[in-house]
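Colleague: Hey, can you work out the whole structure from these sequences and the hints?
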Amino acid sequence: MRLLILVASLALSFPSPLLAADMSDATAECLECHSSLAPGMVAAWQNSRHARVSPTEAWKKTELERRISTKSVDKKLAANVVGCAECHTLNPEKHSDNFEHNGYQVHIVVTPEDCATCHPQEVKQYGENLMSHAYGNLQDNSLYQDLVRTINGVQFLEEGQIRITPPSPGTNADSCLSCHGTRVEVKGFDSRDTEMGEMEFPVLSGWPNAGVGRINPDGSKGSCSSCHTWHRFSIEMARKPHTCSQCHKGPDVPIYKIYQVSKHGNIYSSIGHHWDFEAVPWTVGKDFTAPTCATCHVSLIVNGDGEVVAERTHQMNNRLPWRIFGLIYSHAHPKSPDTSVIKNNAGLPLPTDLNGEPASNYLIDNNEQQERRKVLQQVCLSCHTQQWVDGHWIRFENTMKTANEMTLTATKLMQQAWDSGVAKGLAQDSSIFDEAIEKKWMENWLFFGNSVRMSSAMLGTDYGVFDNGRWYMAKNIQEIHDWLKTMLAVTGETSQDAK
Amino acid sequence: MRLLILVASLALSFPSPLLAADMSDATAECLECHSSLAPGMVAAWQNSRHARVSPTEAWKKTELERRISTKSVDKKLAANVVGCAECHTLNPEKHSDNFEHNGYQVHIVVTPEDCATCHPQEVKQYGENLMSHAYGNLQDNSLYQDLVRTINGVQFLEEGQIRITPPSPGTNADSCLSCHGTRVEVKGFDSRDTEMGEMEFPVLSGWPNAGVGRINPDGSKGSCSSCHTWHRFSIEMARKPHTCSQCHKGPDVPIYKIYQVSKHGNIYSSIGHHWDFEAVPWTVGKDFTAPTCATCHVSLIVNGDGEVVAERTHQMNNRLPWRIFGLIYSHAHPKSPDTSVIKNNAGLPLPTDLNGEPASNYLIDNNEQQERRKVLQQVCLSCHTQQWVDGHWIRFENTMKTANEMTLTATKLMQQAWDSGVAKGLAQDSSIFDEAIEKKWMENWLFFGNSVRMSSAMLGTDYGVFDNGRWYMAKNIQEIHDWLKTMLAVTGETSQDAK
Amino acid sequence: MRLLILVASLALSFPSPLLAADMSDATAECLECHSSLAPGMVAAWQNSRHARVSPTEAWKKTELERRISTKSVDKKLAANVVGCAECHTLNPEKHSDNFEHNGYQVHIVVTPEDCATCHPQEVKQYGENLMSHAYGNLQDNSLYQDLVRTINGVQFLEEGQIRITPPSPGTNADSCLSCHGTRVEVKGFDSRDTEMGEMEFPVLSGWPNAGVGRINPDGSKGSCSSCHTWHRFSIEMARKPHTCSQCHKGPDVPIYKIYQVSKHGNIYSSIGHHWDFEAVPWTVGKDFTAPTCATCHVSLIVNGDGEVVAERTHQMNNRLPWRIFGLIYSHAHPKSPDTSVIKNNAGLPLPTDLNGEPASNYLIDNNEQQERRKVLQQVCLSCHTQQWVDGHWIRFENTMKTANEMTLTATKLMQQAWDSGVAKGLAQDSSIFDEAIEKKWMENWLFFGNSVRMSSAMLGTDYGVFDNGRWYMAKNIQEIHDWLKTMLAVTGETSQDAK
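Chains as they are written, first to last, in the working numbering: chain A, 25 to 523; chain B, 25 to 523; chain C, 25 to 523.
Read the hints as simulated data drawn from the structure, not as lab findings.
Please note that the accuracy of each hint is not assured.
For chains that are exact copies, the list does not tell them apart, and a pair is met inside one copy or across any two.
Under the rule of at most 25 Å between Cα atoms (straight-line distance), these lysine-lysine pairs were calculated in the DSS-like manner [what the hints assert, rightly or not]: (1) K118 to K367; (2) K148 to K464; (3) K118 to K448; (4) K436 to K99; (5) K425 to K499; (6) K499 to K436.
Modeller: If you want it as C-alpha cells, here you go:
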C-alpha cells in the first residue's frame, strides 16, 4: 500500500484513470528500490497504459479497439497490470542476459519475442519489415560495409596518401548502428557497488541501444522501444512524426523535413493539438484531419462509420509499392526484408545495376505493386478524390523516373572517371566510395535523388526544389562533369566521351 | 436529421458551438454520399466556421469583428451555413470545369472569384499581392524560364557535353508550380466507375494544386486554400508560421527557419500554446505576445483599447518597403504585382541590373517606401520603443547594403569569366544559369544574400551568420575567385582583372 | 483602481492567480502611459510572476521552492510586486543610461547587477559562466577578430585580388554580437517628439541587444533576458529548448538540431505538452519525463522524494567536464570564463595547439573533470542505469578522440599547404582564415567535428552521421587532399608529404 501511494505521487498530473488492476507482488518489489533509484523510468511506466490495464482487461475491448493480439495469455500474467517483473522475467531460458537479482531471474533487454507474449501479430509483422533486418542489411553487405568504413574510419596520412583505420565497434555503435541496431551480447558478469550493496550484473556489448534491427541476447531482432519509447510505450508518441524523425531526418532520408513543409505537416503542426492520438481504432475526420507518418504506413484507420480504411501493419512495406530510397536508383520493393541476399546483374549486393537495371529476381512484381498501391491509396481517398490521387501519383512516378535518369547521367560520368583511371573503381579492386569525387557522385543519389523522390511522394515540393533537391542534383552533374574535364586535361588521360 | 447526426458524429471532440444556422438542402444532399466517400474532407469542413455560421450571422458582428467584407449576399445564400453546394455551384457560367453531378451543376475548383461572393475586399487586395501573379511572374519571364529549365530539365550526355531535356509539365507541377500554382484547364470529360455507379467528370490539367498563383478554370488567379487550407479554412492555421513555411523554407527564401531561431519564433514555440489564434480582431498583448508571420504582414491588429494598430491586408506588400529577395540585388518593392513587365536598363527581365542599378521605373519611390515602413513599424511599436525600432532598422538597411556589395563582387568575378570565355554568358547567347560556376554565383545572392538579409530583417541572426549566411557568402566569393584563377591559368585566357 | 482594471484586461485568458500584492505607485504611473504606448510589453509583464508576487511573498516559500536567492530586500521594494519602476530605477548611480523621465530617474537597460537585488546567487554563478564573457572572449581574441573580419567584412576586388573592408559595428551587431552581446554605451542625449510631448532620451550604441555577454551601461556583463525573455521572464520559456536554439542552432553549434532528432527531443516534442514547466523545484518523473537543455545544464532537479538530484546552476560549466566546441580540438573545460587570457604552446589565443596539444595551464584538470562528470551524470541516473550511462559515456569519449584525430589529419594537410606556400598562413603573416581552402579546413572542426561530438553527447546520432557529421568530415579531408595535390601540381611546389 505504501508503494502504491509512492508510485501514484510520481504520476504526472494530467488525467489518468485509477489503477484498474493491481500490480503483481513481484513488480511491487521492483518498485520498492527503483522508484527512488531511477524515478524517471518508473514514472514513465506509471503514466503508461501498461501500468493501468491487465491483459484480461485489454481483451475485453472489441476487436477494432483491442491493443493486444494474443489469443490467450498465461494465467499468471493475465490478471495484473503489465509491470517491471512481467516483462523483465519473460522467457528466461532464451535470455543469455538473464541473471539473479534479489531472488528473481531477470534480464535487462526486453525484446520483441518478449513483447510477443501479448502482441504476437505485431511482432510477426515487424519481422517482415525491412527495419527488423536493419543490422544484417548493413553489416552483411560488403558494399555497405565499405561505405561505413569510408565514413566512420579515422583517416590518416601515410606517404602522402590518405589511409583509413577501420572504425571501432564503439564508433559504429555511436553512428550507423544507433539507428540500425547493435548486436547486444553478454560479455561476462561484473560485480558492482550499489546503494543496495554489492550486486552482480551481466556486462553487455553494444549497450545502450534501441535501434530498429538490434540483435538481442535472446537471438531476436529489433527493439519495440525504438518507436514505443521505453517505459511509456506511448501510442501517441509512436504516431507523432517526431518518433520517425529520430532516424529519418538526415539528407539521405529527409522524410521528416519534407513532411514539415508539406500541407499535411503544416496541418499537423498548426492544429494537431486538437487531435486524439490515443484512440484505437484511429478514426479519420474524428480523431485527426491530416496524416502523420503512422497514418499512411502503420495504423489501423477507420472511417466515421467504423469501416476499416487500412488494417494495422507493423510490416509497413505491404503499403509500399516502391522503394524510393535509391540504391542507387529507386526500384520495386524487395521481396524479402533481408536485403543482404540481393545481387544485381553485375553480382554486386545492390537492388539495381549501376546503369539502373533492377535486380528483378529479388524485387516484387508489378501485380504486387498494384496491390500495395491500392492499400496505400485507400488512406489518401479518405480525404481526396480519385482524380486528385491519380494526378498526384502520376507526378510521383514521373519524378522517380527523371530522378533516376539524372543519376544515370552522373553515373556515366563516374564510369568514365573509373574507366580512364582518374578515379579508382571496382576494376582496380578499389572502393567506389572512398574518393572525394565518389562521395560527390553518391550525393547525387543518396542525398539529392532521395530528396527529390521523397518530396514528390509526400508533397513537400519546396524541399525537393531548393532545399536539398533538384537544384543540387542539377549542379552536382555539372560539377562532376567539370571535374572530369579538368582531371583528364591535367593527367592527359582520355575517356570515351568526355572531351 | 439523420444527416445532421451523422455529420456531428464526425466532428472532432474539442468544443464546438451548436450549429447556429441550417445547412441547405443541396449541401445536405452532397454530404449524403461524401460523408462516407471522403470522411476527412467532410470532417474538416464540419470543424470549420463555415459549417456553423451563415453570411447573415457573420454580418451581425461589429465591423472590427466581422470576417466577411461583402455589403450584401444573394438571398439564396444568406440564411444557410456555407456548405459544399454554396461554394461548388457558384458562378457556373464562368467555370469551364462545371459539370452535371447528381442533378446539380457543380465545379471542382473553387476560386478566389467564388470566395469573393462573401470576401470581396480580401480577394481584391490579394489581386495586388505578388503571390496572385506567381504563375505568370515565373512562366512569362524568359530568364526565369531558363532557370527552371536548368534546374528541372533532365541532363544527359551527348558528345561529351551535358545537354538538357526541357522539363515536362508534370515535372514543373511537381516542383516550382507546386508553390507558384499551375494552370488548371479542362482537357475533356471522362467517365468513371464509382461506388455510386458510372459518372462523368471533367479531366483537369495541372491538378491537384493549391499554389498561390494558380490559374483557374474560371480565369481567376490564386487559391485561397494555399493558406486557408481546404476545407477547414482555419484562421488559426493561416496565422501560424507553419502555413507560410510550406513555400518559404528553402535556402532561397528561408524565412521560416529564420523565424524559428528568432526571439519572436522562440516565444511562439515556447508559450504560443497560451495564445488565442481565432480572435478577430487580433489584440496584441491579450491574444498573443509575439508576432507570427501573419501579425506583421497580414492581420488586423488592435491594441488593448480596441484601437487599430494595423489594418487587415491581403495585399501584404503595402507593409513592405523593400523586396529583400534579391534578383539579383535587393531593391524597392515593384509597383505592379505583375513583375513580368519589368525590364532593367540592359533590357533583361530583372528588377536590378547585374551591377546593382535598380530598374527604378518599375519600383516604388522613396515616398511610398516611407509610407509602407511606417505602417509596418506600427506593429513593432506595439511592443518596442521607437529607439529600439530605429536601431533595428538602421542595422537592417546597412545589412541590405553590404549584402548587395558582396553580390556585386561575386558578379564582377562572374563577368570576368564571361568576358574571358571560361564561362558562357549572354554575349555568347548562352544561359547565365546552366554552368556549375554560374550556379555557384547564383548561390551568392539567391541563397546566401537572401539568408543574410532575411535574418537581419527578422532578428534571426544566428541563421544569417553560419547557417546559410555570411560565412557562405564570404567563402563563395573566394571560391569563385580561386576557380577563375585556375581556369584562366589552365586555358591561357586573360581577363581584365584576375591574375 | 482604474489602472488595475485596465491592466487586467490585457492579461491572457489562461488561468492566472489574483494579484496577491499591490504594485507600487511608481509602477502604476509607468503603466498609465505605457499600457497604451506598448501594450505588448506591458501584457508580457502582466502575465509574468513578477506582476503577481512581491519579494516578501517569494521569501515565504520553502528553500527548494524559492525563486529568489537574496537574504534581504530593501524595505521599499519588499512589499510590492516587481513592476516597471522596481527594476528600471535600481542603482541609478551606476547607470550611465540613467535619465529623468516624468519625475523619475530611470534607465533603459536593466542589467544582471540590477537583477542581483533579488537574485544575487544566480548572477554570481552566471559571472562564472563562459557566456557572461562572450563579448570579450570574441572581441579581445586577435585570432577570432581575424575570423570575424573574414566573415563579416565586405570583400571587393583590387588588382585582381580580393580585399576586405573591416566590418562596421552595425554589421557585427547584426551578426556575431547579436548572440555574444554588444557594448551598450550612452552616446549622448536626444530630444524626441512623443505622444506625450517633447522628451529627452539617452542615445545608446549597440542597441537593441539581448546577447548573453552584453556589456552594459553600468559596466556589468550579460543580459538575463537572453533566456528569461523580457518582460515575461518566463521559467517555462527558459526551460524549453527553443530558447537555447536562438544561438545554438547553426552548423557551428547545432545542439538544438541534434536535440530534435534525439530520443530526448522526440519525447519532448511528442508528449512534452503534458509536462509542468513552471514547477520549482523541478521533479523528475512528476513534472517531466525527459530532459530539455535546462534539465541537464541549469535547473534544480529533485526526485519524487524531494531529494536534490542536481543543484540549480547558472554557471553551467560546473556540470561540464569537456568543452566539445572544438577550437580547434575538443578539450578539458577552461578554468576561467574569460577565455581571452588563454595562450597555447605556440602563443596563439587558442585552448589547443594546431597539433591538438591542450593548453593545459588554462584548462581544468582530470580531478575537476571527474567531479563535474559526476554531477552531470546524476541527472542521467534519474532515468537510466549506471551501465547505460557508462556505456554512453565511453562512446562519447571515443568519439571525441576520433573526431580530434580527423581534425589533426585535415590540419596536417593544411600545414603542408602553408609550408609549401600554396596557401598563406601565420609564417607569411597572413590570416589563417581568409582563403577558400582555409574556410574548408575550418569547416572540418567548426562545423563537422562539432556536429559529430555534440551528436554523440546528446544521442542525436542521425545528425552526426549524414546531417552535418561524419560524412562531411570524411569528405572534407579527401577534398583538401585533392586540392593540395592539384595545387602542388599546378604551381610546381613540393611539400614534405603530398605527392
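Colleague: None of the hints should be skipped; say for each whether it holds.
Modeller: Here is how each hint holds up against the structure:
no. : hint         : in the structure
1   : K118 to K367 : neither (34 Å within a copy, 58 Å between copies)
2   : K148 to K464 : neither (40 Å within a copy, 49 Å between copies)
3   : K118 to K448 : neither (47 Å within a copy, 64 Å between copies)
4   : K436 to K99  : neither (64 Å within a copy, 67 Å between copies)
5   : K425 to K499 : within (19 Å within a copy, 28 Å between copies)
6   : K499 to K436 : both (16 Å within a copy, 21 Å between copies)
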